[in-house]
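Participant: What follows is each chain in one-letter form.
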Amino acid sequence: MTPDNAVFAAVAYTLASVVYLSYSLILVARERSFRAKLGQLESALRP
Amino acid sequence: MTHASATDLAPPRRPDALLGIALAAVVGVYVRAWAFTPIEARQGAAQKILYIHASAAFIALYLAFVLLAIASALYLWLKDEKLDRVAESAAEVGLVFTTVVLITGPLWGKTIWGAWWTWDARLTSTLFLWFIILSYSMLRGAVEDRARRARYSAVLGILAALLVPFIHLSVYMFRTLHPMPILLKPSTPSMSPEMRTTFLLAFLAFTLLFAAFLRARYRVATLRDLVADLEQEAA
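Chains as they are written, first to last, in the numbering used here: chain A, 79 to 125; chain B, 29 to 263.
Some hints could be false.
Unchecked claim - Some chain A residues judged to face chain B by a derived CB distance under 8 Å, without partners named: (1) D82; (2) Y98; (3) F112; (4) L116.
Read the hints as simulated data drawn from the structure, not as lab findings. We put the beta carbon where it would ideally sit given N, CA and C, even for glycine.
If we strip away everything but chain B, and leave its shape as in the complex, we get (with noise of 0.2 Å):
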């Protein structure tokens, strides 16, 4: 690679705008749950996380962790480092969508079932995912060889994803504390109509935030690649 080659395949260094518009939207998704929506009668102000909770998990298990099962398979087929990048973006945009839901979930929790946390299959299944991701990020960052790295996370990051159907049927499967999906089930959703909005508003807001960070990280790995290039060119 020549000198000049990098600087014209960094990415162009701008604003992030989507950043911005993300935030913001989260903000006024924010209000729109606090001062706009009905507080649930039987669950009280507490109901409110599921606006963020189930957000995120969605996010999580059905965006960021299907889209790294595809670019891992992907990369093993194509060996494009492009996928690879895609695929580590979204492990790691993932992982914090998943971190709030093991957040939100034992404080919402606590106020329906008494407990912060339970080692029913939904909830022990989510933390096991957790962990697999962390040590997806820590095996990226022990391999030095790029190909090697890749093609090691590819193989890890298929088998996590492989838990995310057995995460959706696991409040099927089994006795379980968690409730059953109130959105997304085939019968009429269980939700007031001013709570549905918010809902859609909040899984739409957080959709924008997981595409805007998963651009600025997969920038980042880009500009981490060009300057690990750069330096064994240097050596």
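Next comes chain A alone, as it looks inside the complex (with noise of 0.2 Å):
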């Protein structure tokens, strides 16, 4: 007889959605505060 787990595979697919999407806005926001930091010490650099 099949088994019914669904529910672990579920939690799996959620839990890795959790993972790769934190992962993405991380790296979204990692990149604009660094543009934001560069932008700002080349104004000040360069006034």
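From the two separate chains plus the hints, produce the assembled complex.
Facilitator: Printed below as a string of structure tokens:
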């Protein structure tokens, strides 16, 4: 008989999505942060 | 470096289309795996974890950490900072994929083996590699001098990647609960054609995601180094 364990697969897919989406957002945030910092430094060095 | 050259060297600011396409491809694979791929009779729906678990493992071990080793070795030879950035990006993205492997594996294991975890060769060595890559990231954060950081990291990156062949062969060398490869083996893959297609599509989608992450992470590393150069100039 086929076991009823879909909840394990659902949890696995959900957690994997959380990891990938979180990392995507972290990368976007880090890039924005460094771009902002780069802009600030350039305007400070070149008034 | 002049002030203008920092702007010139910075990667162009535009929406990351590759990341968007890769995430959409992963969503497509999720839909195919859940709605259009049959449930395996003996394992039940938990067998669908294969599509995300094995893809992540393959990408982490054979793409990310092999790239880490190659870029690290080339850095030690050529001393090109771009190679160090590739290595650090591959390590971090590989860590993300290995994290997915270590999260999804126990969920699958519980349904098949009745246990979340077993200290067998494959699982233990994968966890060990995860810790080594984590320590690689911590090492990078701890060493300030850029050249020294790159040199130390390159050595640790190569040592970490030496675990990959051991992890691959562990299921053959030791008695382990972890199954042998079901697709990448000399004989015919033990999967139905629909499952095989879903697995191959998952592998392609996650490879695209790996490429998108790697490119975005490399961009972050480039911007960070430009900021560090300007901070040094301002000091």
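Participant: For each hint, tell me whether it holds in the structure or not.
Facilitator: Comparing the hints with the structure gives:
1. D82: holds, 6 Å
2. Y98: This hint holds: Y98/A lies near chain B, its Cβ roughly 7 Å from the closest one there, short of 8 Å.
3. F112: With Cβ-Cβ at 4 Å, under 8 Å, it holds.
4. L116: holds, 5 Å
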